[in-house]
Structure formats: structure tokens, C-alpha cells
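> One letter stands for each residue in the lines below.
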Amino acid sequence: MSIEIEHPDRSAVPPREEVLAVRGVSARLGGRQVLSDIDFSISAGEFTGLIGSNGAGKTTLLRVILGSAARSAGSVLVGGAPRSRRNPLIGYVPQKFALDPDLPLRARDLVSLGIDGQRLGFSLPSTARRRAVQEMLDAVGAAELADARVGELSGGEQQRVLIGHALISRPRLLLLDEPLANLDLRSAGEVVSLVARVAREQRVAVLISAHEINPLLPVMDRVVYLAGGRAVHGRAEDVVRGDVLSRLYGHHVDVLRVHGRVLVVAGVGDERTGTHAASDCDPKTSPPTQSVEVLG
Amino acid sequence: MFSSFMVNAWIVGTIVAVVAGAVGFFVVARGSSFAAHALPNGSFAGAAGAALIGIDTLIGLAVCSVLGAVSIALLGRRGRHDVATALVLVLMLALGSLFLSLSSQYAPAVYSLLFGEILGIGSGELAPTAGLAAASLLGLALLYRPLLLSSVLPEVARARGIGDVAIELGFLIVVALTAAMTIPVVGTLLVFTVMIGAPAAARSVVSRPAHAIALSVAIALATVWGAIALSYDTNYPVGFYVGTISAGCYLLGRLAGARRGSARAPRAAATALET
Amino acid sequence: MTVLHHIVEPGFFGSAPVHRALLVGTIAALVAGPLGVFTVLRGQSFAGEALGDIGTTGGSGAYLVGVGPLWGFLVFNVAAVTVMELIGVQRRRGRDLATGVVLGSGLGLAALFLYLDATHQSTTGTTVTVLFGSLFSVSATTVPIAIGVAAAVLALLLVVGRPLLLACTNAELASARGIPVRLVGYVYLLALSLAVALCALTIGSILSTALLVGPAASALRVSSRPGPAIAAAAVLGVAATWVGVLLAYDSYAWPPHGQGWPLSFFVVSLVLVIYLACGAVSHVARGRRAAPTLVAG
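Protein chains in written order, with my numbering: chain A, 1 to 296; chain B, 1 to 275; chain C, 1 to 297.
One or more hints might be untrue.
Which stretches of chain B does chain C cover? Using the computed rule of at least three CB atoms under 8 Å from a CB of chain C, they are [to be verified]:
1. 153 to 167
2. 192 to 202
Cβ-Cβ distance ranges computed for the label pairs, FRET-style [claimed, not checked]:
3. C:G227 <-> B:V70: 54 to 60 Å
4. C:A155 <-> B:I11: 29 to 35 Å
5. B:R208 <-> A:L256: 51 to 57 Å
6. C:L23 <-> B:N235: 36 to 42 Å
7. A:R129 <-> B:D56: 44 to 50 Å
8. B:G120 <-> C:G148: 40 to 46 Å
9. C:G178 <-> B:L67: 51 to 57 Å
Some chain B residues close to chain A (C-beta under 7 Å, calculated; not the full set) [to be verified]:
10. L142
11. Y144
12. R145
13. P146
14. L149
15. V206
16. P209
In case anyone wonders, no lab produced these hints; they're calculated from the structure.
Cβ atoms here follow ideal geometry from the backbone N, Cα and C, with glycine treated the same way.
Start from the sequences and build out the full structure, keeping to the hints where you can.
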């Protein structure tokens with residue numbers, strides 16, 4: 001069951017073009033129902049956060065959107081048409097990537113590969129290509145890294161290059177799988193501002209998955225909140241509320257706002273929803289009824 | 001050294017070095033050392049079988065290499081080295097020894113198939129070698145972009161619709177064809193020294209893919225030419241020189257890479273996945 | 001009576017080379033079984049294969065110096081594992097590339113040695129003997145050496161067997177108990193180098209891994225407890241070797257006459273057949289018990 005939270009004023013704004021429409025998507029993984037009837041859409045230029053704790057199904061949902069995981073029900077429309085194998089309208093930045101330090105590939109080369117890396121043959125250098133690559137490198141703040149080997153860059157620098165690689169093919173939607181997972185709060189904030197800025201400049205919608213909502217709050221237009229395989233979506237102030245999330249989780253949840261940060265706290269519960277990264281409480285070992293879980 | 005009966009050796013050696021240097025770039029980039037062991041073993045059995053039946057060994061090599069490549073790609077065990085496959089590979093070697101023992105040329109044939117035989121390259125080899133080379137280079141040129149992307153960022157490649165299995169299959173076939181034409185020169189046991197040493201050295205020195213391929217080809221040429229010349233002079237086997245020179249190039253490359261590394265402190269990747 | 005003659009060609013039991021072959025083969029299989037089990041459990045099959053290539057160089061060089069190939073296998077293998085231990089060949093990706101190249105140069109050296117053997121020493125057929133083995137041609141003097149080596153391996157195993165098992169399954173617990181894990185690892189590598197040398201003598205250097213890993217992996221598919229697996233591996237290895245010797249002897253009567261098929265071919269084929277059979281057995285029994293999955297190397 002999926003809940004769309006409408007803001008009262010939205011009817012006055014003309015509907016914008018839908019870049020991504022996820023309709024009634026369900027998915028099973030290893031005999032388990034991971035996603036149930038997920039329903040949401042992303043309009044052009046929107047910044048959407050996909051929030052959920054580990055195991056909530058974020059990666060599965062992203063994979064279903066990309067087509068690398070099968071869905072048992074529902075449909076995914078990209079730019080109004082059913083998704084195709086090549087996903088030309090989607091730029092993707094994976095969570096895990098391993099770049100060999102000895103790999104003879106500069107940041108510049110990796111971004112250049114983003115233009116047409118999926119096509120057969122090889123590309124000849126041209127001024128137009130060089131210019132496009134340089135502009136993208138400037139946009140993602142990787143200009144001074146351009147001639148360094150990608151394998152020798154730091155994790156954050158590599159991420160920037162990968163974002164450039166994803167954006168240079170002019171997608172309508174940029175998908176980022178947990179880019180903030182291993183970053184401290186400040187770096188996370190930097191990545192988020194970068195993505196928001198570049199996306200705005202390039203007029204690209206963004207779907208970014210995370211288990212911490214706070215770094216995304218300043219830039220998010222809408223949020224898809226995933227728990228127990230079900231989702232709620234809408235604007236942050238409409239979704240991240242005690243009553244809404246309680247309905248989603250199936251047990252009582254409080255939302256606390258402390259100094260502009262949001263804390264989602266579960267009290268006594270009859271349903272486990274998984275451990276949040278911000279807390280160090282493990283559902284398998286902590287006593288089921290007495291602990292207070294920080295969920296988001 | 002450049003007499004008429006050596007000309008064939010020079011021409012074939014040159015062709016082989018160019019292709020092995022180019023294809024080897026991707027063998028190293030993808031870490032395909034399992035295929036490195038698998039394909040030549042199968043080729044050994046194929047060549048031995050061909051010698052037994054009496055057909056051209058190059059045909060036996062090419063056919064068995066490609067069959068081996070298809071099996072490896074379809075069984076999908078890239079990088080994983082399980083016992084059944086290891087035993088099958090050893091069986092291929094033993095089968096080759098059986099075939100050769102049944103033919104009349106046991107000992108010399110074993111030696112030349114395993115370690116290469118420059119003087120055994122007749123003018124009849126030129127055309128098939130050139131054909132195999134053209135096919136390999138064409139395949140490589142066609143696959144270049146998706147192969148590079150799927151070697152570096154496999155998940156992103158998949159999201160872009162690049163089929164894992166199709167690319168791996170195409171690549172392994174190219175490797176198989178390259179191995180088939182290289183084996184008569186350096187032998188099955190040393191094929192991959194040529195395909196690994198030169199690109200491994202090159203990648204430590206230059207940082208662009210196109211330059212790395214070019215340098216790899218240059219180093220491979222130097223290796224094979226040097227080996228042919230030295231072998232002609234001293235009568236020692238070509239395989240010995242190829243093995244030694246490749247190892248030497250690799251070590252020099254690592255030294256150059258270490259100097260590059262100390263000049264700029266290498267920074268670790270965010271997460272590491274083993275392939 | 002003729003049926004029996006077809007299975008066991010006449011003269012089998014009385015032939016001295018057959019006796020030596022059976023003896024050496026049995027010794028090698030008895031030693032390879034336990035070592036193989038440890039190797040698979042430790043995931044170090046790569047070391048076994050590398051030692052096969054190194055043995056090629058050693059065996060080829062032995063003829064130059066005028067000694068039998070077994071000495072070459074022994075000396076080079078022991079030296080190699082000592083170097084391996086000192087360098088600490090553990091990291092995977094760099095290891096693949098570096099060892100590939102280094103082994104390549106070792107094989108190139110083997111090519112040179114074999115060439116020199118043929119031209120300077122005028123020993124014929126060294127390539128085949130070293131690489132593919134020729135168990136029927138084992139000299140009488142080699143046999144006591146092989147026995148000695150096997151005894152050394154078994155002695156080493158008796159000393160480190162238990163701590164080795166513990167270190168395989170739980171390295172931290174092992175060090176917590178005061179077991180010198182690194183030293184134990186080195187002793188294991190020493191035992192391995194000796195065992196691979198014996199396997200190389202039996203079926204040839206580049207085929208030696210089959211005898212090391214095959215019976216052990218087969219045994220582990222059927223039993224996941226180390227003790228029974230070790231016993232089973234030894235039995236399976238000995239069985240493969242005996243039947244291999246028998247078939248190789250019989251093959252002298254097969255076409256082409258008087259030549260015989262390579263013994264190593266039979267042993268390797270039997271090892272593979274046994275492995276597949278054990279796989280089938282464990283597959284059938286899987287309903288009752290989860291079969292251990294093995295990733296070698």
C-alpha cells in the first residue's frame with residue numbers, strides 16, 4: 001500500500017512532466033516479499049530522496065527501476081514509455097565500485113566514456129568531445145583531478161567523477177545508490193549540495209537513496225519513505241510526521257525535530273523494521289520491547 | 001638472421017606481438033588470469049589431436065581455443081576457480097600428452113607445442129596467422145568501448161544495457177584467437193607471459209588507455225623481436241627469452257610505477273570489491 | 001581365464017618396474033591425500049599449482065646437474081615456498097599478475113634446461129619425463145628417497161596437524177591459544193612442497209595438482225569432517241594410482257602396440273571420474289545434510 005500525500009496548494013501548479021513513474025511495483029527476493037505495491041512518480045527536475053533503513057528494499061527498488069532485478073508486479077515508466085534495456089534517460093552512480101590504482105584511465109577518460117560507452121566501436125578524439133568533458137569536469141568540481149588516474153583518487157573524488165560520467169550523456173534522471181553511506185556528516189553535506197547544484201544546472205531529476213534523511217532535507221523536493229516493503233511519498237513536511245510514519249511502520253513512531261534535524265524514533269513496537277545506521281542497536285540482539293530505536 | 005627461412009619467423013612474430021600486446025591490455029584490465037590458464041591447456045589438447053589426425057595444428061588450436069572460450073564464458077565462472085574446472089584443465093593437458101604419444105613424434109612435438117618452435121613456422125602459416133590477427137583486432141575494435149566500461153564499472157555497464165555474458169563471450173573469443181596464433185611461436189605454457197608482461201609494464205608508465213595499448217604493443221614487439229634474435233644467435237629456445245624478457249619488462253614497469261606512486265601518495269578507493 | 005588376462009595383462013604382478021611404480025605411486029597418494037585436504041580447507045590450491053610449475057623448472061634443471069628429477073622437484077619446491085613465505089604472497093590481485101609473470105619466466109627457464117638436457121646431456125625424453133611423468137622408469141635408487149620424503153611429510157603433519165586444523169577454521173582462536181600461526185603455516189607449506197614433489201614424480205610436474213587436490217576435494221564432498229576426509233582422500237588417491245598403473249600396463253597390448261598409453265593420463269582421468277562420482281553421491285545425499293561448497297584458491 002502506498003500513500004500519496006498531497007499538499008493543498010499543488011492543484012494550482014500545472015502538472016509537470018513525469019520523468020519516472022513507478023506503478024504498483026512488487027518484488028520478491030529469495031522467497032521474501034521485498035517490495036509491495038510501490039507507487040510514486042518523479043517530475044522533471046525534482047530532487048527526491050529514497051529513505052529507508054538497511055534491508056528496507058532501497059537497492060532492490062533501484063535495481064527494479066534499472067531493470068537488473070525482476071519485478072513480480074507493476075510497471076516502471078521512464079519518460080512516459082516502458083523502461084528499455086539501455087536506460088538512455090537514466091544516469092546511474094552505484095554504491096560500490098572498485099577502481100584498480102594501476103588502471104591506466106584518467107578521470108577525463110572515464111567521463112568521456114560516459115558519452116557513448118555502451119556503443120560498439122571506439123571513439124575518435126574531437127574538440128567538441130574534449131570541450132564537453134571539460135565542462136562536465138568543471139561542473140562536478142573535478143577539474144583539477146582531470147588528468148589523474150581514477151584508481152588513485154579518494155572515494156569522494158571518485159564519486160564526483162562517476163557523477164560526471166553519469167550526467168554527460170544528458171539523462172533525464174540521475175540515480176544514486178547510497179552515495180553518503182561511508183561519509184561523515186560534512187562530506188555528506190558537500191556531496192548533496194554538489195548533486196543538487198549540478199542537477200539544477202543540467203535540469204536533471206534526482207533520485208538518491210540514503211538511510212539518513214537529514215543531509216537531504218535542505219535540498220529535497222519530495223521523499224519516498226520505504227519501510228517493510230511499503231512506501232509513502234510526498235513532500236518532506238507532509239511525509240515525515242508521526243501519524244504518517246506510524247501508519248507506514250505499523251507501530252507507533254514519533255518524529256522529533258531538534259535544531260532543524262529530524263529524529264524518527266520508534267517506541268514499543270510489534271514490528272521490527274530494521275536497524276538504522278545512526279543507532280547502534282541491533283534488532284537481533286536487543287530486547288524487543290524495552291528499547292527505543294532511532295529510525296531516521 | 002634475415003635469411004629466407006627466418007623471414008617467416010619475423011613476420012609471424014611481429015603479427016603475434018601486435019595482437020597479443022593489444023588484447024593483453026584487456027586481459028590485465030579484467031584480471032582474466034583464470035582464462036589465462038584455461039585456454040592454453042585446451043589448445044594443447046586441440047593441437048595434439050590435430051597432429052594425430054593429421055590436420056593443420058593451427059586449425060586444431062583455433063577450434064579448441066574458441067570452444068574453450070565459449071565454455072568458460074557460458075559456465076560463468078570468471079575469476080572463480082573451482083575444483084571441477086581445474087581438474088578438467090589438467091585432463092586437457094593429459095589428453096594432449098596422450099594424443100601426442102599415439103602419434104609418431106612424441107617428444108619433439110610435446111616440446112614444441114609447450115615451448116614454441118620458431119623454425120617450425122613455414123610460409124603456409126603466414127596467411128592463417130594474418131587471418132586470425134585480423135579477426136582478433138577487428139573483434140577488439142568493435143568491443144572496445146563496452147569492454148572498457150564493463151571492465152572498469154561493471155554495474156554501470158549493466159545499467160546501460162551492456163550484456164555481461166555477451167561481452168565476456170566476445171572478449172574470450174578474441175583472447176582464444178590470439179592465443180591460437182601465438183602458441184606456435186612461444187608455446188602453450190608461455191602464451192600468457194606475452195599477453196600479461198607487456199601490458200602490465202605499460203600500464204604502470206602511462207595513464208591513458210590508448211597510450212597504454214600502444215606502449216603495450218611496442219613492448220610486446222621488443223620482447224618478441226629480441227627473443228627471436230637471441231634465439232637465432234644462441235640456439236636457445238625462443239620461449240626462454242620470451243619468458244625472461246617479459247618478466248624483466250614487468251619488473252621495470254613496477255619500478256616505474258613505484259616511483260610514480262611515491263611522488264603522489266596513492267589514495268584508496270571508497271570500497272573494494274574483489275573480482 | 002582370458003577375461004582375467006584382459007583385465008590384468010600377464011606379467012603384471014611379476015614386473016619390477018610395476019612394483020616400483022605401485023610403491024612410489026602409493027607413497028605419493030598417501031601423502032597427497034592429507035596435504036590435499038589441508039590445502040583445500042585453507043583455500044591454497046593456488047600454491048599447489050604454482051608449485052607444479054616451479055617443479056617443472058626444478059625437474060628440468062636436475063638433469064643438467066646429473067641427478068634424478070625428484071631432487072630437482074624437492075630443492076626448487078622447498079626454496080620456492082621459503083621465498084613465498086618470506087615475501088608473504090597473500091594479496092590477491094597483485095599476486096595473480098606478479099606470480100603469472102614470475103612463473104612464466106620459470107617455465108621459460110625450464111624450456112632452456114630441457115633444451116640443454118637434450119643437446120648437452122643427451123638424455124632423451126626429459127620433457128615428457130619431467131612434465132608428464134614416467135613412473136615405470138623410476139630407478140631403484142629413487143625409491144628409498146621417495147620413502148624418506150614421505151616419512152618426513154608424515155612427521156611434519158603429525159607435529160602440526162592439530163594446530164593446522166585449528167588455524168584453518170579459526171585463526172584468531174589459534175593465536176589466542178599460543179599457536180604460532182605463521183610458523184605452522186610455513187611448516188604446512190614445507191610439507192606441501194615435498195608432497196607436490198612426490199606427485200610430480202608420479203604423474204609429472206604440470207599434472208601434479210590433480211593428485212594433490214582431486215582426491216581431497218572428492219573426499220570433502222562426501223565427508224565434511226577432516227579426519228574421515230583425510231582417510232578417504234588417501235584411499236581414493238591410492239585407488240586411482242593403482243588402477244592407473246594397471247591400465248597403463250595393460251595399454252601396452254592396446255594399439256599402437258608395444259608403446260603403451262601415458263600412465264599420468266589414466267590417473268588424471270580416474271581422479272576426475274572419482275570427483276564427479278563423489279559429487280553425484282553428495283548431490284543425492286544433499287537432502288539430509290548441506291554439502292560443503294569448496295572454492296579452491
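> When the structure is checked against the list of hints, which entries are broken? Sort them ascending.
Numbers 1, 3, 4, in rising order.
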